[in-house]
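Just so you know, the sequences run in chain order D and C.
If you read the first sequence in my numbering, its first letter stands for residue 1, the second for the next number, and so on.
If you read the second sequence in my numbering, its first letter stands for residue 1, the second for the next number, and so on.
Derived from the structure by calculation, the hints contain no laboratory data.
Fair warning: this is a prediction, and the values are worked out from it, not measured in the lab.
Ideal Cβ positions, reconstructed from N, Cα and C, are used throughout, including at glycine.
There could be a bad hint or two in this list.
[Said to hold, decoys possible] Below, a list of computed lysine-lysine pairs in the PhoX-like style, where the Cα atoms sit at most 20 Å apart:
no.	chain 1	residue 1	chain 2	residue 2
1	D	K289	D	K305
2	C	K481	C	K441
3	D	K244	D	K219
4	D	K325	C	K441
5	D	K404	D	K284
6	C	K62	D	K284
7	D	K267	C	K282
8	C	K424	D	K284
9	C	K62	C	K5
10	D	K284	C	K443
11	C	K93	C	K122
12	D	K289	C	K443
[What the hints assert, rightly or not] Here are a few chain C residues that face chain D, going by a calculated C-beta distance under 8 Å:
no.	residue
13	P60
14	E188
15	F216
16	S219
17	A253
18	L257
19	R295
20	E307
21	R374
22	G458
23	F473
[Claimed, not checked] Distance windows between CB atoms, simulated:
no.	chain 1	residue 1	chain 2	residue 2	range
24	C	T86	D	F286	42 to 48 Å
25	C	K282	D	H394	55 to 61 Å
26	C	S344	D	H394	55 to 61 Å
27	D	F140	C	K5	57 to 63 Å
28	D	K284	C	K5	34 to 40 Å
29	C	K122	D	M199	39 to 45 Å
30	C	E307	D	H394	43 to 49 Å
31	D	V213	C	P94	58 to 64 Å
32	C	N104	D	D157	26 to 32 Å
33	D	P442	C	K282	42 to 48 Å
34	C	D442	D	H394	29 to 35 Å
35	C	D267	D	P442	34 to 40 Å
36	D	G271	C	N104	40 to 46 Å
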Amino acid sequence: MDFWAWLGRFHPALVHFPIGIIVVGIILYYINRYRPEWKVAQAISPVFFIGFISALLAALCGWMLAEEGGYDTNTLFWHRWLGVGIVLLSFGLWWWHSKDNLKPAKYGAPLLVAGILVTGHLGGNLTHGEGFLVEKGPEFLKKLTAYDEKTAIPTFDDPDSCNVYHDLIYPVLESKCISCHNSKLRKGGLDMSNTESLMKGGRNGEVIEGESVSSEIFKRVVLDPSSRKYMPPKGTPMSYREIKLLEWWIDAGAHFDKSVSQTETPKDIAGILLSRHKLDITPKSFLEKTKVPALEDQVFVELEKQGFAVQPLAMTSPFIDVRWKRVDSLSLSNALESLQSMASEQVAWLDLGESPLSDADLANVAKCKNLVRLKLQKTPVSDDGVKILSQLKHLESLNLYGTKITNSAAEHLSKMSSLRNLYVWQTGLDQENAENLETSNPDLEVVLGVSVGD
Amino acid sequence: MKIVKDFRNRYVKSQTRRHFLRQCSTGLGAMALGSIFACRNDKEHLLHPTGTVEGISHYPGKAKRVIYLHMAGSPSQLELFDYKPTLNDLHGKPCPDSLLEGRNFAFISGTPEMLGHQGQFKQYGESGAWVSHYLPHFSSVVDDVCFLKAMHTDEFNHAPAQLFLYSGSPRLGRPSMGSWITYGLGSEAQDLPGFVVLVSGGLTPSAGKSVWGSGFLPSVYQGVQCRSEGDPVLFINNPDGISRDIRRKTIDAINHLNKKEYEEVGDPEILTRIAQYEMAFKMQMSVPEVMDINREPQYIHNLYGTEPGKASFANNCLLARRLAEQGVRFIQLFHWGWDSHGASKDEALNGGFVDRCQEVDKAMTALLTDLKQRGMLDETLVVWGGEFGRTPMRENRLGVDPELIGRDHHTDAFTIWMAGGGVKEGMTFGETDEIGYAGVKDKVHVHDLQATILHTLGLDHEKLTYQFQGRDFRLTDVHGKVVKPIIA
Chain D
1 MDFWAWLGRF HPALVHFPIG IIVVGIILYY INRYRPEWKV AQAISPVFFI
51 GFISALLAAL CGWMLAEEGG YDTNTLFWHR WLGVGIVLLS FGLWWWHSKD
101 NLKPAKYGAP LLVAGILVTG HLGGNLTHGE GFLVEKGPEF LKKLTAYDEK
151 TAIPTFDDPD SCNVYHDLIY PVLESKCISC HNSKLRKGGL DMSNTESLMK
201 GGRNGEVIEG ESVSSEIFKR VVLDPSSRKY MPPKGTPMSY REIKLLEWWI
251 DAGAHFDKSV SQTETPKDIA GILLSRHKLD ITPKSFLEKT KVPALEDQVF
301 VELEKQGFAV QPLAMTSPFI DVRWKRVDSL SLSNALESLQ SMASEQVAWL
351 DLGESPLSDA DLANVAKCKN LVRLKLQKTP VSDDGVKILS QLKHLESLNL
401 YGTKITNSAA EHLSKMSSLR NLYVWQTGLD QENAENLETS NPDLEVVLGV
451 SVGD
Chain C
1 MKIVKDFRNR YVKSQTRRHF LRQCSTGLGA MALGSIFACR NDKEHLLHPT
51 GTVEGISHYP GKAKRVIYLH MAGSPSQLEL FDYKPTLNDL HGKPCPDSLL
101 EGRNFAFISG TPEMLGHQGQ FKQYGESGAW VSHYLPHFSS VVDDVCFLKA
151 MHTDEFNHAP AQLFLYSGSP RLGRPSMGSW ITYGLGSEAQ DLPGFVVLVS
201 GGLTPSAGKS VWGSGFLPSV YQGVQCRSEG DPVLFINNPD GISRDIRRKT
251 IDAINHLNKK EYEEVGDPEI LTRIAQYEMA FKMQMSVPEV MDINREPQYI
301 HNLYGTEPGK ASFANNCLLA RRLAEQGVRF IQLFHWGWDS HGASKDEALN
351 GGFVDRCQEV DKAMTALLTD LKQRGMLDET LVVWGGEFGR TPMRENRLGV
401 DPELIGRDHH TDAFTIWMAG GGVKEGMTFG ETDEIGYAGV KDKVHVHDLQ
451 ATILHTLGLD HEKLTYQFQG RDFRLTDVHG KVVKPIIA
């Protein structure tokens, strides 16, 4: 047990009482000054006395807490000595009041209120972080306080394009280390401002050597904060999550050019990335990753008129599921022309099954570049049609059952590397070609179906 | 000023709860009518093109529809899928008291004997799933299937357990799963109901038609039972001497009267009634066509083992595929006769059980194969299972033929399988203890199954709600967790 440190932990519990009681004392002082007939004069002195004693206790605990370290040194300096000032001033107010000398309070009372406001605010910044009060505030307040948006933690939405070092680690080093370890100051001979000098290390050799536990840069930030070698020696220390990210980066090989998706990410780091940087690294399908503008309501109405049934894939998704309703009086060619011109990016699923689709119509289908599922079963699509479709780079499921394709289609189908499911029941594509397709694309399953002749 | 205040007070007092409810229900009814037909001609509906109530956030679902093959009476998982060699070793030994203490079984009393497997088990496919010799066809498609082996439920009698499985509550009155799903997603079928029920095996399930009822949801969402024997829907044909034109005029006249009544009283059930008349009129044309399996080629009949004109499970499987092709959202099959207590020849593991296996094996395998070759299995979730499991102990009912072998109802462990839309292929999830008495790993409760089925369709079971009697209800009540590991 460390008695003094334990005592220090009572600071947050005790500190709010003197704030309240001293303010009550000051209110009583002003009431007495302007409404003496309310007869509160007797109460002022004891209230200030209680304020002084409780402020003294809170300040003592605060002093012990500060000894533990781990606080922004600059803010801590002002918080500490303003706190001491409040203790002294509250003692003074009580002393003069008990001697019936009311004059000093004329200046002391407003001074004390101002002191409490400033000290309390600094205390808040110490526990919650700099900029806590303005972070969510109006813009003018941010400008007024020179709140720097850049020091706010950046957010990312794509693990492919988020570089581990430049986007996640460097900003931490910049805010915590580089004010001393830069090309001019080079404290300890170490310059962390560029990647080469960082790897070169400082006067005592490399700071990143193998695993995190053997690297000086990591060892220094996880030392006991009261240690002489603890980094950073002043300013805000590294947070737990910053240290975890640093550890993750070093253990992954301290690389500079890999993205988050190229780096192995344990569960706890995934959690930190999500909560700190809003970066979700769970694998996403093509449609979840791709962003396209949502369609206007008018487009739905128009496409319905042309003979399609149109549904969004989900309430929150801009992509649509389109089905030809097989209304004989409407022209499929015209409808596909409209579909391509109005929603070429948004069509993700398209069902044209059992329609009189011609190979020429497929040119319009192939322009819907984000197609993932395409159903052309029982249509007159031929090998030439499949050639046109092979432009579709994201197609995962293609239904060609009951079409006129033959073995010649295999050549075009083999180019569709994103394909996962291919349905060729009742077509001219034979088992040998189907197996070849599966061999060249291991993710592909070609469904031949049962033999019709049985 | 006082006059204004007084007037306001009077106005507030005159607005009763009834006014409020009426205003609510009109809106809901209109939405219900719109979504069941998926007719989208007004802009308002376009805001919710899937027919769901505003505010439900979906994710893109892999499955578009569900075919639920329910084995009413509950087949024994210990004779079909859940292979436990230790149980064979313990065959004939008395059941230890620790398994019986404080437990209620439907029929077991005293100390029963343990009962070894009646089937011979083997592993099949690349996934190495265990299947017994009772299902020779099915064993060839196990790589398309995901088994849930540690299912458990709360109810040990058929009717409450079936209600629990389909409505989330063992008591009557809640909407069934198919109703919730058609309420949530609407229907793609223009001329057919969104929720169709097919029954085989001679009897309706113990819980009656409530397992496809719509509860407090508008009754447009209730399941419509179609028969594979005789007229598919009773009284669907016009009576002699009534032409389709006359029928149309009759319905128009009735609907006109109903609309007037609705404008006066605002009861949403009137809108349902109007919708049902319209649907019935369309179904007079569409149902005979879709239900006529004579149109299928011979190789399909060979595949399923169908015999047109019979109320068989095989016919119903083929019909399920035909209905799925037409865009029906939820197709519910019930096959009766799996309650193998050993109380009679037909209710014994060495009697009716073997017949039931033969009845379903070929047909359910054919359904999976056929959906797959048509490219429909990816977007159709097929679920197979009973309402609970059966005990590893032999049922010891007095006074029946000692040759008959049976097992009692069991809530702690049973196996179901799922295939297709959004579920991993060739997977076995969950494990029971060495005698198959209870789940020990990856247990899945009935509410979890419901949540998972909704998830594959892109519905969030916590957001698919309906307000009734002052609170929001949902299929999973206040329970349920999506079984994420089996989601593809």
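We went through each hint and held it up to the structure:
no. : hint                        : result
1   : K289/D - K305/D             : 31 Å, violated
2   : K481/C - K441/C             : 15 Å, holds
3   : K244/D - K219/D             : 12 Å, holds
4   : K325/D - K441/C             : 47 Å, violated
5   : K404/D - K284/D             : 35 Å, violated
6   : K62/C - K284/D              : 14 Å, holds
7   : K267/D - K282/C             : 55 Å, violated
8   : K424/C - K284/D             : 16 Å, holds
9   : K62/C - K5/C                : 57 Å, violated
10  : K284/D - K443/C             : 27 Å, violated
11  : K93/C - K122/C              : 25 Å, violated
12  : K289/D - K443/C             : 33 Å, violated
13  : P60                         : 4 Å, holds
14  : E188                        : 7 Å, holds
15  : F216                        : 24 Å, violated
16  : S219                        : 24 Å, violated
17  : A253                        : 28 Å, violated
18  : L257                        : 31 Å, violated
19  : R295                        : 14 Å, violated
20  : E307                        : 17 Å, violated
21  : R374                        : 6 Å, holds
22  : G458                        : 6 Å, holds
23  : F473                        : 21 Å, violated
24  : T86/C - F286/D: 42 to 48 Å  : 47 Å, holds
25  : K282/C - H394/D: 55 to 61 Å : 38 Å, violated
26  : S344/C - H394/D: 55 to 61 Å : 58 Å, holds
27  : F140/D - K5/C: 57 to 63 Å   : 41 Å, violated
28  : K284/D - K5/C: 34 to 40 Å   : 58 Å, violated
29  : K122/C - M199/D: 39 to 45 Å : 60 Å, violated
30  : E307/C - H394/D: 43 to 49 Å : 45 Å, holds
31  : V213/D - P94/C: 58 to 64 Å  : 59 Å, holds
32  : N104/C - D157/D: 26 to 32 Å : 54 Å, violated
33  : P442/D - K282/C: 42 to 48 Å : 47 Å, holds
34  : D442/C - H394/D: 29 to 35 Å : 34 Å, holds
35  : D267/C - P442/D: 34 to 40 Å : 59 Å, violated
36  : G271/D - N104/C: 40 to 46 Å : 44 Å, holds
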